[in-house]
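Colleague: Between the sequences and the hints, there should be enough to build the whole structure, so can you do that?
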Amino acid sequence: MSKKATIYDIAKELKITAATVSRALNNNPKISKKTRNLVLETAEKLNYKQNRLAVALKSGKSNNVGVVVPFINKNFFASVIRGIEEELYPKGFHVIISQTHEENDREKKIIQNLINAQVDGILVSTSFTNENKNQLHQVLKKSSPFIFFDRVLKFDGISTVTIDDYQGGFDATEHLIDQGYRRIAHFNVNQNIELYSNRFKGYKDALIKHGITYNSDYIITIKNNMEAGKEAAKKLMELPVPPDAIFSSTDNGLLGAVKFLQSKSFRIPEDVGVVGFSNEPFTQFLEPSISSVDQSPVEMGKMAAKVFLEQIENKAATKTNTNVVLPARLIVRKSSSKVK
1255 MSKKATIYDI AKELKITAAT VSRALNNNPK ISKKTRNLVL ETAEKLNYKQ
1305 NRLAVALKSG KSNNVGVVVP FINKNFFASV IRGIEEELYP KGFHVIISQT
1355 HEENDREKKI IQNLINAQVD GILVSTSFTN ENKNQLHQVL KKSSPFIFFD
1405 RVLKFDGIST VTIDDYQGGF DATEHLIDQG YRRIAHFNVN QNIELYSNRF
1455 KGYKDALIKH GITYNSDYII TIKNNMEAGK EAAKKLMELP VPPDAIFSST
1505 DNGLLGAVKF LQSKSFRIPE DVGVVGFSNE PFTQFLEPSI SSVDQSPVEM
1555 GKMAAKVFLE QIENKAATKT NTNVVLPARL IVRKSSSKVK
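Just so you know, the sequence shown maps onto residues 1255 to 1594 in our numbering.
To be clear, the hints were calculated from the coordinates, so they are not data collected in a lab.
Keep in mind the model is a prediction, meaning the values are calculated, not measured.
We put the beta carbon where it would ideally sit given N, CA and C, even for glycine.
Be a bit skeptical, because a hint or two may be false.
List time: in silico EDC-like cross-link candidates among lysine to aspartate or glutamate, alpha-carbon distance up to 20 Å [stated by the list, open to error]:
no.	residue 1	residue 2
1	K1556	E1340
2	K1588	E1428
3	K1588	D1432
4	K1328	E1339
5	K1408	E1385
6	K1489	D1525
Computed spacing ranges between beta-carbons, pair by pair [claimed, not checked]:
no.	residue 1	residue 2	range
7	Q1538	L1300	54 to 62 Å
8	D1459	E1567	32 to 40 Å
9	R1436	N1388	36 to 44 Å
10	N1469	F1539	26 to 34 Å
11	I1462	Q1366	41 to 49 Å
12	K1387	R1436	36 to 44 Å
13	N1479	N1291	53 to 61 Å
14	N1568	P1283	25 to 33 Å
15	N1291	F1539	54 to 62 Å
16	E1481	T1260	31 to 39 Å
17	I1462	D1410	30 to 38 Å
Modeller: Right, dumping it as structure tokens:
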């Protein structure tokens, strides 16, 4: 492997000091345009690469922002990342994307590595829950902005961007009630994750508002995948009095339920109405098309980026919480439209 060129090689080539080379590479106004151009031409000829970490340490700014998500191959997170990039790239920032695979230790290491790389901020959809949030707290104690989005934890001085999960759960359940359904089941994922607990609270409050008795047999905690949804639907439909509707806090779980119901000749929405959460792309292309609560992921990404930009422009803002709650929007399709 050939030796990497340094500023000393450029200085030797041009018979100038290394300090002059360094100033020229960093656009110091004391360096003439002629000298700067000579330095840049020589740097290119020698294939010199600046040490970006050293530059960041010196200037206090790297123009890099870390984005940490559970999975990058999920449509929701891909769309959030798109929103973040659309907001930050025109401002001269580069996005470093990492995925945790829902592993707490990996998430802590990723965040620590981003801190060590002197990124200007970190935007996180966390894999931690309210049960183990304190494990993450020590890692987050630093000056650069942290912003949680979607899956958040509440810490003093750390901002959050979410949608109104409670209202989304309430609206989805009330819609089913308005369509004439009365035995409404719910797929929950994890009550220790705030967004899922808020969707569940919205579901319960909609039942209470309309005088419908809460039935714990109709509540099933599932993993966020299709197979879990199939098993949950099977369990529900084997009850002595099965539900006539399902509100799922995840589209992926609801997809499994729909596949099971159709395999057993249940008609959707005539026999069982279904509503999901996330508005995944597949929901509009199934037959029947699936009602779902839209999470506005691109808007969420843009808003998280805007909160970050506000905090780096106003250092005092990094010490206070900015908690942005975007509206949830129910998209009504065939799967829950029983009333003509």
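Colleague: Compare the structure with each hint and give your call.
Modeller: Quick rundown of the hints versus the structure:
1. K1556 with E1340: Holds - the C-alpha atoms of E1340 and K1556 are around 7 Å apart, at most 20 Å.
2. K1588 with E1428: Holds, because 16 Å separates the two Cα atoms, which is no more than 20 Å.
3. K1588 with D1432: holds, 14 Å
4. K1328 with E1339: holds, 17 Å
5. K1408 with E1385: OK: K1408 and E1385 at ~12 Å, within 20 Å.
6. K1489 with D1525: Within the cut-off at roughly 16 Å; holds.
7. Q1538 with L1300: 54 to 62 Å: At 55 Å between Cβs, range holds.
8. D1459 with E1567: 32 to 40 Å: holds, 39 Å
9. R1436 with N1388: 36 to 44 Å: holds, 42 Å
10. N1469 with F1539: 26 to 34 Å: holds, 32 Å
11. I1462 with Q1366: 41 to 49 Å: Since I1462 and Q1366 have Cβ atoms about 44 Å apart, the given range 41 to 49 Å holds.
12. K1387 with R1436: 36 to 44 Å: holds, 38 Å
13. N1479 with N1291: 53 to 61 Å: holds, 58 Å
14. N1568 with P1283: 25 to 33 Å: holds, 27 Å
15. N1291 with F1539: 54 to 62 Å: Given a distance of about 56 Å, which is inside 54 to 62 Å, the answer is holds.
16. E1481 with T1260: 31 to 39 Å: violated, 56 Å
17. I1462 with D1410: 30 to 38 Å: holds, 33 Å
In this structure, the one hint that does not hold is number 16.
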